[in-house]
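First to last, the sequence lines map onto chains A and B. The opening position of the first sequence corresponds to residue 1 in the working numbering, with each subsequent residue numbered one higher. The opening position of the second sequence corresponds to residue 251 in the working numbering, with each subsequent residue numbered one higher.
Check the hints yourself; a few may be wrong.
Residues from chain A that face chain B, not an exhaustive set, calculated with beta carbons under 10 Å [claimed, not checked]:
{"no.": "1", "residue": "Arg-75"}
{"no.": "2", "residue": "Val-80"}
{"no.": "3", "residue": "Phe-81"}
{"no.": "4", "residue": "Gly-92"}
{"no.": "5", "residue": "Ser-96"}
{"no.": "6", "residue": "Val-103"}
{"no.": "7", "residue": "Tyr-204"}
{"no.": "8", "residue": "Gln-205"}
In short, the hints are calculated from the structure, not lab data. Owing to the predicted nature of the structure, the values given are computational and were not obtained by experimental measurement. Idealized CB from N, CA, C, for every residue including glycine.
Here are the chains, one letter per residue:
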Amino acid sequence: MIEIKNLHAEIDGKEILKGIDLNLEKGKVHAIMGPNGSGKSTLSYVLAGREDYEVTDGSVQMDGVDLLDLEPEERAAAGVFLAFQYPVEIPGVQMSNFLKTAVNAQRKQRGEDELDALAFLKLVKDKMKALGVKDDMIKRPVNVGASGGEKKRNEVLQMALLEPKFAVLDETDSGLDIDALKIVAEGVNQLRGEDRTFLVITHYQRLLDYIKPDVVHVLANGKIVKTGGPELAQELEARGYAEFLGEEAA
Amino acid sequence: MKQAQNLARMPAPARYKADNAATFVEAFEGNAALKEGPEWLVSLRQEAADTVAEMGLPTPKLERWKYTNVHPAIKDVSGVAAKPGFVVKPVDKLVTDLSESLQNAPEWLQSILTERPHATFRYADMMMWELANMFTQDGVVIDVPAGQKVSEAITIDFTGHEGQLSAPRAVIRLGEGAELTIIENHKGEGQFWNNALIQIKIADGAKFRHYRMQEYGSKAVYTQNTHVEIGEGAHYEAFTMALGGNITRNQVHAAVIGGGAECDIYGINLLDGSQISDSTFEVEHMAENCNSNQFIRSVMRDQSKGIFQGKVYVHEGADGTDGYQLSNALLLSEGAEMDTKPELEIYADDVKCSHGATTGQLDEEPLFYLRSRGLSENEARALMIEAFVNEVVEKLADETVKDVVLQKVSQWLKL
Ligand SMILES: Nc1ncnc2c1ncn2[C@@H]1O[C@H](COP(=O)(O)OP(=O)(O)OP(=O)(O)O)[C@@H](O)[C@H]1O
Ligand SMILES: [Mg+2]
Numbered sequence: 001m002i003e004i005k006n007l008h009a010e011i012d013g014k015e016i017l018k019g020i021d022l023n024l025e026k027g028k029v030h031a032i033m034g035p036n037g038s039g040k041s042t043l044s045y046v047l048a049g050r051e052d053y054e055v056t057d058g059s060v061q062m063d064g065v066d067l068l069d070l071e072p073e074e075r076a077a078a079g080v081f082l083a084f085q086y087p088v089e090i091p092g093v094q095m096s097n098f099l100k101t102a103v104n105a106q107r108k109q110r111g112e113d114e115l116d117a118l119a120f121l122k123l124v125k126d127k128m129k130a131l132g133v134k135d136d137m138i139k140r141p142v143n144v145g146a147s148g149g150e151k152k153r154n155e156v157l158q159m160a161l162l163e164p165k166f167a168v169l170d171e172t173d174s175g176l177d178i179d180a181l182k183i184v185a186e187g188v189n190q191l192r193g194e195d196r197t198f199l200v201i202t203h204y205q206r207l208l209d210y211i212k213p214d215v216v217h218v219l220a221n222g223k224i225v226k227t228g229g230p231e232l233a234q235e236l237e238a239r240g241y242a243e244f245l246g247e248e249a250a
Numbered sequence: 251m252k253q254a255q256n257l258a259r260m261p262a263p264a265r266y267k268a269d270n271a272a273t274f275v276e277a278f279e280g281n282a283a284l285k286e287g288p289e290w291l292v293s294l295r296q297e298a299a300d301t302v303a304e305m306g307l308p309t310p311k312l313e314r315w316k317y318t319n320v321h322p323a324i325k326d327v328s329g330v331a332a333k334p335g336f337v338v339k340p341v342d343k344l345v346t347d348l349s350e351s352l353q354n355a356p357e358w359l360q361s362i363l364t365e366r367p368h369a370t371f372r373y374a375d376m377m378m379w380e381l382a383n384m385f386t387q388d389g390v391v392i393d394v395p396a397g398q399k400v401s402e403a404i405t406i407d408f409t410g411h412e413g414q415l416s417a418p419r420a421v422i423r424l425g426e427g428a429e430l431t432i433i434e435n436h437k438g439e440g441q442f443w444n445n446a447l448i449q450i451k452i453a454d455g456a457k458f459r460h461y462r463m464q465e466y467g468s469k470a471v472y473t474q475n476t477h478v479e480i481g482e483g484a485h486y487e488a489f490t491m492a493l494g495g496n497i498t499r500n501q502v503h504a505a506v507i508g509g510g511a512e513c514d515i516y517g518i519n520l521l522d523g524s525q526i527s528d529s530t531f532e533v534e535h536m537a538e539n540c541n542s543n544q545f546i547r548s549v550m551r552d553q554s555k556g557i558f559q560g561k562v563y564v565h566e567g568a569d570g571t572d573g574y575q576l577s578n579a580l581l582l583s584e585g586a587e588m589d590t591k592p593e594l595e596i597y598a599d600d601v602k603c604s605h606g607a608t609t610g611q612l613d614e615e616p617l618f619y620l621r622s623r624g625l626s627e628n629e630a631r632a633l634m635i636e637a638f639v640n641e642v643v644e645k646l647a648d649e650t651v652k653d654v655v656l657q658k659v660s661q662w663l664k665l
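Full structure from sequences and hints, please.
Here it is in structure tokens:
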């Protein structure tokens, strides 16, 4: 269970999140939709612990632990994962080295044994195959020179390896071709389970055809303005966000 | 092989004189052994001593020494070591002790030992050279005959003597088509000054890989002057890893004198405390269609300081030259500093040259990305710093050296 209460956050003195209240039930897939600039990515960064966003009020609890007290790496070890809207390129850092370091860093923080090179390689090869990630990808520097779609697949590969308890997917569908979308959705669906909570940020119903959400929220102007079932996504697709934008849209 | 000529072309001499070499001039005067030996040698030393006595040692008043002042660090160095500390392995018939060959030096060796490739009025580049000339006593001569490809790397382990100046010389000659790898290891604690002079002749089609791991203790001063001449289709690959020392001056002058030759000068500096590491390179292109690369990456903590002064000089007629210089520095602390001065002078046609210098901090975005995957801040930083220096290490041709360097890098990061 993830409880977000009255979450306010600002960047460079500008308030972006203006009191978010969200209860994410364990084992469920929650979708967030909302207009550009409404604060969806900001919310995802704040959940993952990015330091340039200042949380000015509110709390985020995951299974009784206050996430906002934790460093980004501690949140990761606690099971938080963010698939970035814009995955970061890291020249010179080989994907395989990065993945292995990440998997083992989390295992170490949780007091588990580290995987040796062979065990890790087998694990990563299996996941790559399942997600249709090209073999040479792990020999390349992280995201450098990867296409938009390849980067998104890399994010899902990382999620599959790290098996988080709480995964936030920020527009993971954008940039994916139809086949990739299916593969990625399948990857998410395979991970779905009683212990795993998903927060899926998207602009399109199409993704939600493959990853069926349990709950859909609308985020507009830094607040959750409506919550409903999967049908809400369809309504939004038909009608847009005008009704939520109030004066700004008029 | 063509001789390098007319390297002199700097404008009128700077009127520089410094009265700061008395200690070493006295040490010279008091050492009878330096006045003995064949005439050419005695006069080489004497001329050098006279010059040093008259002109002194470099200070930041000289443009080429603007960022590096050795004097505070050498003020407690007084004696001059009778025998510089070095061990060459394996003992091979290609290698001779300079102390032995000096007495009956063949013509070619004499001519190398007495060369002064920079005009005397370019004194800023010659001062430390003259200091080595003055104390020419020992060192190593490596002479690889034409066609011989030496498969095992020759290592030279240098060290210093407490309170003393050492002036080891190295003369390395590769015949046509020869191949050689040398690994210099510099280790030792204490307050000493090692001023090395290395002269290299690479004949047509030969390949020389020249690696240096500088890991002296934090009080040592290390200055070195390399002069290399690269023949037609030949290749020189140099790499210095500066980890240790109080002050390091790595000065390389490369004359690319044969067509189609290649010259790569690489370096990484990993500095902390109040260390200073100065990379001063000059590549002179004197023949057509040659490539040169100067590529330095520096990572600095605390109050440390990195310096890159790189120059590419393309002579008239050296058409089709590609000459690159790049210095990238990461400053990990507020007090750290990087000074860069890349220069280009071109008098030929169809030349591709570029120089670039960046100085900055680690990017926050990738750091957050890595941490969001569970890496601690230190692990994330280490991974990124490793990646940063790896881009230089990747260029090296020798796989064993690459591994050694990467190990040392990760050791440094764990400090
Ligand atoms: N450094 C910053 N300084 C000022 N404003 C910022 C800064 N970073 C983001 N913003 C603003 O915050 C608002 C929310 O941005 P955010 O990226 O969270 O939107 P989003 O809902 O994810 O949009 P999209 O659907 O386009 O991805 C935007 O108006 C954006 O311009
Ligand atoms: Mg966004």
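_Hints the structure fails to honour_ = 5, 7, 8
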